[in-house]
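*Asks:* Kindly produce the complete structure, drawing on both the sequences and the hints.
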Amino acid sequence: MNRRHFIRIVPLTGGGLMLGLSGIAKAFAAADETTATDSATAIGDFLSVQTNGDVIFHFTRHEMGQGVSTAMAMLIAEELCADFERVKVSFPPADLVKYNDANGGHGTGGSSTVITMTPILRKAGATAREMLIQAAAAQWNTTPDNCYAEHHFIINRISGQRTGFGELAEQAARLKVPASVTLKSRSNFSIIGKAQTAKTLPLLVTGQHRYGADVNLPGMKYALVARAPVFKAKIRSYDAAKTLAVKGVRKVVSTRVVAGIQGPLLPYDIREGIAVVADNFWAAHKGRENLAVVWDEGVHSNASIEDFAAFVKHRGEQRLDPSGYTGDENAIANIDHVKQTLRAGYVFPYMLHSLMEPLNCTAHHKGDSCELWIGNQWPEYIAEEITRVFGIPKDKVKIHLFPSGGGYGRRAYPDAAIEAVCISKEAGNIPVKVMWTREDDHQTNAVHCYQRLDYQAGWDEHNQLYAWYEKECRTYMWDRQYPATELTSNGYNIPNIRYDLEDLTNESILQSTAWRSVMINGWALSECFVDEVAIALKKDPYDFRISLLKEGREANVGHAEKISNSRMIRVLQLAREKSGWGQALPAGQGRGIAIYPYGNSYCAIVALVTVADKKVTFNHVTCAVDCGMVVNPSGAKNQIEGGVVWGLSALLYGGVQVKNGRVTTSNFHQNKVVRINECPDIDVHFVETNDEQPWGLGEVSNPVAVPAVLNAIYAACGKRIRTLPVNLNEA
Amino acid sequence: MPTLRFHINGAAQQYDVDAEMPVLWLLRDYAGLTGTKYGCGIAQCGACTIHLDGRAVRSCTLSCGAAAEKQITTIEGLAPDGSHPVQQAWIREDVPQCGYCQAGQIMSAAALLNSNPSPSDQEIHTAMAGNICRCGTYVRIRRAIRTAIDYKLNPKPLNQ
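Protein chains in written order, with this note's numbering: chain A, 450 to 1180; chain B, 399 to 558.
One should not assume that every hint holds.
So the derived label-pair ranges between C-beta atoms look like this [as the list claims (entries may be wrong)]:
| id | chain 1 | residue 1 | chain 2 | residue 2 | range |
| --- | --- | --- | --- | --- | --- |
| 1 | B | H405 | A | P1035 | 49 to 57 angstroms |
| 2 | A | E1003 | B | S518 | 30 to 38 angstroms |
| 3 | A | G877 | B | G463 | 31 to 39 angstroms |
| 4 | A | T954 | B | G463 | 47 to 55 angstroms |
| 5 | B | I440 | A | D688 | 24 to 32 angstroms |
Short derived list, chain A residues pointing at chain B, Cβ under 8 angstroms [claimed, not checked]:
| id | residue |
| --- | --- |
| 6 | V538 |
| 7 | F540 |
| 8 | T649 |
| 9 | L653 |
| 10 | G656 |
| 11 | D663 |
| 12 | L666 |
| 13 | M669 |
| 14 | S853 |
| 15 | T886 |
| 16 | N1087 |
| 17 | W1095 |
| 18 | Y1102 |
| 19 | T1114 |
| 20 | I1125 |
Keep in mind the hints are simulated off the structure, nothing from the lab.
Since the model is a prediction, treat every value here as computed from it, not as a measurement.
Every residue, glycine too, gets a C-beta built ideally from N, C-alpha and C.
*Replies:* Spelled out as structure tokens, the structure:
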């Protein structure tokens, strides 16, 4: 394959998933088509307005903590002119026909939900509003243009009459859906842009918010799986006699038939295993402890993370044909221009997700149909894979969707569902809840890809950056194919940029998968190398970045969204202003700055740290974000704050230890994450814009927090950390 | 298996269970109380925190035998209508993201404020350091505990 191409546009959001986002057409079903039990008050696919006035929003995406159930409810309630207190959120089962691509689908990833759903839901809300107005106008023998909606009422502007949504619901649901509707202008918004608390809160604080792990069905059994301890290993033999002697253990079955299958879309890999099916979790747990399995450990039996890191380092030092470049692809070697060069290699290693709710799926294979209960980001993919693997037609696959205790990309894959369906089938077509323990999660799971970035920069006799070379080695590709041409996406105005990408998927010693922000975690480490260049040139890191940006310039790096230098400048300025950048600090403290885009959102972070006794303390983190229109300021800040903490955990405790092919750490006592006593104060500031389009922000802050802190550590103690986790003893 | 007697959220209940089984699984698989979450099974994450005779304990490493005859309170029993000051503060400060750890966070915070109505920042950190939040809502948890303290001193309805 000839990879030598100039940069061109490809339909990818920055690092994100593209989950069936094929346009916006049927945002609204005709009311007389709905046959649900609440059809009397169902107004379209997303709303029921009950006769008591309650508005039920049928949530279609996956709520995994990113707050989209509330944000989506706000978008539809705004146009409906509803009282947001009276809007409730329901979590209906997956409906691949009703919630097709035109209705935004169920697929949730790539920080795309508010981007895709904003026009769909605003139109849906406005249409329902129009139908309520028409119902009221008919009742009052007037015309709709004499009526308007406000705070859950339709009001007759001539007579002053008022009628509540509930009283109009049945009549409105019988009306023909208007062909076109007018959306509100942003200046008239009363819900969007105002901080709203999460709709999930009342159930959450009383323990009633139900996750997939909480499912309980009549006759349901519980299963734990002893999965291959080494990636790609196979079962040689097993002895389940002691397991079957444990009270409550019912069956022991293997998952051989689905092990190792390769997904045609996003890649996944199911580790071969033996499932212990029992009456309850505890019996399954004891049964699994008594299971004896002999493994054929296969090609990775001697793998270690140290050997793998050395192999990738070697690959990182080799040049390939460029994946993309602007200017002269060999500029770094042009001695007519380049007077000095600097090079450095950075690693963003394998990382665990540690989803607080470990993976789980309850499945009931019934022969010619099947039913699943799961919290998952992409039920469409599950349905397709159930059809492909088990031969059950899509319309015979029913998927009950639950919110989850964290997704971060890991729940975008169907592997846990396929494994559970397999176990249900092998156990005799009974409903089985397959659970993962924390040890399963940490030792036999898919992880963030291993990324190594080798950088080289060259500047001329005037200390102007002339050439930027970047070689990436990575163990994950979205679609198992070499990606389209792209450039590094830091957006800087450098005349000659070259990017080489080497796909090490087949060499990986662990299965790689999406992990919050995916490859941008590695890409954003370029912000450390920018810092290294600034220091080499004796320039202030903030001033140096500004000098590499040009107001009005848009960088085409091969993604759907061009990178706006003006918006980069704005967030840098805001971060500088709010953080006290440049003010003197006591010895041992340092500030670091970093900026990186995610899709069409931008985040700049200034971190303040203290380094003492070779230990890092996080003092303060200031975030400046431009994500277009902010739908819910409270939820938006929560995402940015949480992303920072996510990045800090990777900084202090990240990485996966592998020896003899096995992950050697098992639970939170070894795989630590940041706790409350280590968490700094975090300020979040949004750039004010007049946009009516929001852009995603669930994945924009964590990739930036990492280089900001690494740069702060350098400022504090002069040590340049180029891999995670931070270890000042080795630096 | 022995028949053990439990007091869960004020109600006496009997179950024939393995005395070694952690209370977490009694609550989830037998009593149908799924608000208490599994997160690690080794008392490292705090998602399973309940009150045993009023003190915060990790139910994933508390055996049924050790908990029998004692008073167990779960998130469902803290204040079923959500009126507990800590629950109210959690709503007001819009704390949770995915929410999976939050039952444990709330139970730890409620136990802290029971034993220490006016904790210092350091005492809050010490009491809450056993509860992991992978979504990273710690800034809001700190703020909400302060809000709950204010609410206890001066109870008034907390509007959203």
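*Asks:* Holds or violated: is the Cβ of L653(A) closer than 8 angstroms to a Cβ in chain B?
*Replies:* For L653(A), the interface hint holds, since the closest Cβ of chain B sits about 4 angstroms away, which is under 8 angstroms.
*Asks:* Once the shortest beta carbon distance from G656(A) to chain B is found, is it less than 8 angstroms?
*Replies:* Nearest chain B Cβ about 2 angstroms off; hint holds.
*Asks:* Answer holds if the nearest beta-carbon of chain B is closer than 8 angstroms to that of T886(A); otherwise answer violated.
*Replies:* Holds. Min distance 6 angstroms.
*Asks:* Lying within 49 to 57 angstroms: is that true of the beta-carbon distance H405(B) to P1035(A)?
*Replies:* 54 angstroms, holds
*Asks:* Is the interface hint for M669(A) satisfied, with its Cβ closer than 8 angstroms to some Cβ of chain B?
*Replies:* Violated: closest Cβ of chain B sits about 10 angstroms from M669(A), beyond 8 angstroms.
*Asks:* Taking the least C-beta to C-beta distance, is I1125(A) closer than 8 angstroms to chain B?
*Replies:* 4 angstroms, holds
*Asks:* A range of 47 to 55 angstroms was offered for this pair. Does it hold for the Cβ distance of T954(A) and G463(B)?
*Replies:* Distance hint for T954(A), G463(B) holds at roughly 50 angstroms.
*Asks:* For the hint on Y1102(A), does the least C-beta distance to chain B fall short of 8 angstroms?
*Replies:* 11 angstroms, violated
*Asks:* If you take the shortest Cβ to Cβ gap from L666(A) to chain B, is it below 8 angstroms?
*Replies:* Hint on L666(A): violated, closest Cβ of chain B at ~12 angstroms, above 8 angstroms.
*Asks:* Given the hint of 24 to 32 angstroms, check if I440(B) and D688(A) actually sit that far apart at their C-beta atoms.
*Replies:* At roughly 27 angstroms between Cβ atoms, D688(A) and I440(B) fall inside 24 to 32 angstroms, so the hint holds.
*Asks:* Does the Cβ-Cβ separation between G877(A) and G463(B) fall within 31 to 39 angstroms?
*Replies:* Hint holds: Cβ distance 34 angstroms, inside 31 to 39 angstroms.
*Asks:* Taking the least C-beta to C-beta distance, is W1095(A) closer than 8 angstroms to chain B?
*Replies:* Holds: closest Cβ of chain B sits about 6 angstroms from W1095(A), inside 8 angstroms.
In summary, the structure is inconsistent with hints 2, 6, 7, 12, 13, 18 and 19 from the numbered list given earlier, while agreeing with the others.
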